[in-house]
Amino acid sequence: MRFYVHLGYLVVIITRTIFGKEEVVKCLTTRSERIKLSCPKGLVLYSPSIIAGVSAHAQGCKREENDCTGVPLALEKHVQSCYWRSSCEVTLRRDYTLKCDGVDRNITYVVFGNMYCVSKDDIFDICSKKQWGKIDLPVGVIKSHRTYPREKPRARCVCEITIPVKHTNTLILQIFPFDKKLPLGLKVEEVQRGTLLITRISKIVDAKTMVYGNETKAIKVTADFRWKRKQISGFMLSFIAYKTTQLNQFLEIPNAMLPVLKELSSVFEVRPVIEQCASVGNGRMELSCSKNEVIYSPAIYGSSYSRSLEKCIFGHYPCGGLTPSLIVQQNSCFWKEHCHVTWAAGEKLLLSKETRCIGYTMSAVGTTGHRCVHRGNIYDLCMNGTETVDAAWGILRSHPTYPWFLPSHTSHTDYKTIIKIGSKRALQLTIQDINLDPDGRDKFKIYHKTRRGGQRVLLESRQKQGQEGEVINAREGKLIIKLRLQGGSKSGRGIVLVFRRFPLSKRDTPDVPYAYGSSSAAGIVNDAESAPMRHFTNRMLCSGGENLRRQGRSCAPRVWTDYFTKLE
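Numbering (the numbering used here), first residue to last: 29 to 596.
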C-alpha cells in the first residue's frame with residue numbers, strides 16, 4: 029500500500045508543478061524550413077520532442093486544445109535521427125500531412141516540447157562490452173542499443189547492467205516505451221537487501237516505479253534480444269536517486285508549497301538551442317504555459333553573419349544579440365500565460381556583447397525556451413508597505429511589470445518583505461537580477477534576523493546592478509528584504525530573487541532531497557535558479573510602456589533604463 033500511495037502523490041506533485049508544461053510553437057510560414065537543435069560541448073540531445081498540428085483557427089497558427097495533432101512519418105524520422113547527437117537539423121515542410129477526421133490535411137505549425145541535453149558520460153548502451161557491469165551513478169539513462177530509436181537492436185544475446193541502491197536512498201525509474209507492460213525483451217528485477225532474493229518489478233504506474241534502498245540492494249536490468257526479433261524495437265530506461273527521508277516528506281504533503289520534484293524525463297536541466305532562419309521572410313513563434321501558470325525568463329536571441337549579407341548558415345555566426353523588436357517582445361512575454369514573437373527579414377541587431385555586431389542584419393532566431401511558474405509562487409516587493417511570506421519556494425519580483433521600468437515616485441517610498449524561515453530550517457536565496465537607479469539613489473538591503481533578535485546584513489547595494497547568481501544562505505529566524513525608491517531617481521528594470529527553504533539535518537546543514545552534490549546540482553529540485561543566464565549591456569535605451577526606442581530628448585524623466593539579453 030505504501031508504494032501506491034507514494035507513487036500516487038508523486039504523480040499529483042508532477043501534475044501540479046510550480047514549473048509546468050512549457051511549449052514553444054513555431055508557425056510554418058513557408059513551404060519548407062530548417063531548424064537546428066544544438067547542445068553545449070560534451071552534451072547530447074535526450075528524447076527530443078516535436079509534434080505537428082493543424083490549426084482550426086483562421087490565421088492558421090493559433091494552437092488550441094482541440095486541434096488535430098500528431099507526428100507525420102517524415103518528421104518522426106527526422107526527430108529520431110537527433111537522439112544522442114550534439115546537434116542536428118530538422119526539415120519542416122507544410123506538405124507534411126496528418127489524418128484529421130479521416131481527411132489528410134497539411135500541417136500549419138509544430139510544437140517543441142521540453143527537450144534537454146545530457147552528458148555523454150550518463151548514457152549507457154546495455155549491450156556495449158565497455159559498459160557491462162555496475163553503474164555507480166545517481167542519475168543516468170540506459171538504452172537498448174546505440175542507434176535507439178532509429179533502428180532495431182542487432183545484438184543476438186542477453187545483456188545486463190546493475191544499478192546499486194544505497195540504503196538511505198530511493199531510486200525512481202522511468203521506462204519508455206511503456207504500454208501497460210515492459211517493452212519486449214526487457215526485464216527489470218530487484219535484488220532484495222539481506223536475503224539477496226531476486227524478484228521482478230511489477231508495480232509500475234505511468235511508466236514509473238520507485239525502489240526503496242532499505243528494502244532493495246540493487247536493480248538488475250536485463251535485455252534479451254534472442255527471440256521474436258521482428259517485434260523487438262528497443263527501450264530507454266532513466267533512473268535517479270533521492271534521499272528517502274526527504275523524498276517521503278515531499279510526497280506526504282502534495283499540496284503544500286514545497287520544492288516540487290520534476291518528471292524523471294526532465295531531471296536534466298541543460299536545454300538545447302532551437303535555431304531557425306530569419307533571412308527567408310517573416311517568422312513567428314508562440315511561447316505558452318498551462319492554466320494558472322505564467323512565463324518566466326523567456327530566452328530569445330538573434331544571430332548574424334555580416335552587416336549586409338543575409339545568410340542562414342547554422343553554427344557559423346560570429347555575432348549574436350537582439351533587435352529592437354525582439355527586445356520588446358521578450359520583455360513583454362514575462363508573466364503571461366502565452367505570447368507571440370514575430371520577426372521580419374532584414375531586422376538589425378541593436379544589442380550585442382560585441383560592439384562591432386551592432387547594425388548587423390539578423391540571419392537566425394534562436395531560443396532555449398522559457399520557464400512556467402505557478403501564479404501562487406510569485407510575490408511582489410513593491411505592492412504593500414510590508415509583506416510577509418511563509419512558503420518553501422517562490423520568486424520575489426520588484427513589481428508586476430518587470431523587466432519594464434519600475435514605477436515612478438514623486439517622493440521616496442519604502443517597501444519591505446519578510447520571508448519566514450522557521451525553527452530547524454535553512455533558506456537559500458539566489459539573486460536573478462538587481463537593476464536599480466544607475467546613479468545609486470535607490471537603496472536595497474537584505475539582512476537576517478535570528479530567533480534571538482540578532483541582526484546581520486547579508487547584502488547592501490546602492491549600485492545599479494547586483495551580482496547575478498549570488499547565493500545568500502540563512503538559518504532559522506527570518507530574512508528581511510528592504511527597498512527604498514527615491515523620488516526622481518532614474519528607473520531600472522527592478523529586482524528578481526528566488527528563494528527556497530529546507531529543513532536542517534542533524535548535522536545542521538540544509539537537507540535537500542536529491543542524493544548527490546550541492547544544492548545546485550543538476551536541477552533535481554524544480555527551481556528557477558537554473559533559468560537561462562543573462563549578460564548585461566551598457567547600451568542605454570528609452571522605454572515607454574511596451575514601446576522601445578533609442579535614448580533621446582523625447583524620453584520622460586523616469587524612463588531611462590538599460591535592458592538585458594541572453595547572448596551567446
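Hint data in this document are derived by calculation from the structure and do not stem from the laboratory. It is possible that some hints are incorrect.
Pairs of lysine to aspartate or glutamate residues, derived as DMTMM-like cross-links and limited to a Cα-Cα distance of at most 20 angstroms, are as follows [stated by the list, open to error]:
#1 Lys-477 with Glu-488
#2 Lys-444 with Glu-365
#3 Lys-364 with Glu-188
#4 Lys-90 with Asp-418
#5 Lys-180 with Asp-207
#6 Lys-127 with Glu-93
#7 Lys-256 with Glu-314
#8 Lys-64 with Glu-117
#9 Lys-256 with Asp-150
#10 Lys-452 with Asp-408
#11 Lys-381 with Asp-408
#12 Lys-477 with Glu-504
#13 Lys-477 with Asp-442
#14 Lys-69 with Glu-92
#15 Lys-473 with Glu-415
#16 Lys-471 with Asp-408
#17 Lys-471 with Asp-418
#18 Lys-90 with Glu-504
A quick look at each hint next to the structure:
1. Between Lys-477 and Glu-488 the CA atoms are separated by roughly 15 angstroms; this keeps the pair inside 20 angstroms, and the hint holds.
2. With a CA separation close to 28 angstroms, the supplied pair Lys-444 and Glu-365 exceeds the 20 angstroms bound.
3. Using a Cα cut-off of 20 angstroms, the hinted pair Lys-364 and Glu-188 is violated, with the two alpha carbons roughly 48 angstroms apart.
4. As the CA atoms of Lys-90 and Asp-418 are separated by approximately 39 angstroms, the hinted pair breaks the 20 angstroms bound.
5. Pair hint Lys-180 plus Asp-207 holds up; C-alpha atoms about 18 angstroms apart against a cutoff of 20 angstroms.
6. Between Lys-127 and Glu-93 the CA atoms are separated by roughly 17 angstroms; this keeps the pair inside 20 angstroms, and the hint holds.
7. For the given pair, Lys-256 sits about 44 angstroms from Glu-314 by alpha-carbon distance, which is inconsistent with the 20 angstroms threshold.
8. Under the criterion of a C-alpha separation no larger than 20 angstroms, the hint pairing Lys-64 with Glu-117 is consistent with the structure, at around 4 angstroms.
9. Of the supplied pair hints, the one linking Lys-256 and Asp-150 is violated, its CA atoms being roughly 30 angstroms apart against a limit of 20 angstroms.
10. With a C-alpha separation of about 27 angstroms, the suggested pairing of Lys-452 with Asp-408 is violated against the 20 angstroms cut-off.
11. A threshold of 20 angstroms between alpha carbons decides the hint, and for Lys-381 with Asp-408 the separation of about 31 angstroms lies outside it, so the pair is violated.
12. For the given pair, Lys-477 sits about 9 angstroms from Glu-504 by alpha-carbon distance, which is consistent with the 20 angstroms threshold.
13. Restraint check for Lys-477 and Asp-442: the C-alpha separation of about 19 angstroms stays at or below 20 angstroms, so the hint holds.
14. Distance hint between Lys-69 and Glu-92 is unfulfilled; the C-alpha atoms sit about 36 angstroms from each other, more than 20 angstroms.
15. Proposed proximity of Lys-473 and Glu-415 is supported: the alpha carbons are some 15 angstroms apart, at most 20 angstroms.
16. Restraint check for Lys-471 and Asp-408: the C-alpha separation of about 17 angstroms stays at or below 20 angstroms, so the hint holds.
17. Using a Cα cut-off of 20 angstroms, the hinted pair Lys-471 and Asp-418 is violated, with the two alpha carbons roughly 25 angstroms apart.
18. As the CA atoms of Lys-90 and Glu-504 are separated by approximately 49 angstroms, the hinted pair breaks the 20 angstroms bound.
Consistency note: the structure conflicts with the earlier hints numbered 2, 3, 4, 7, 9, 10, 11, 14, 17 and 18.
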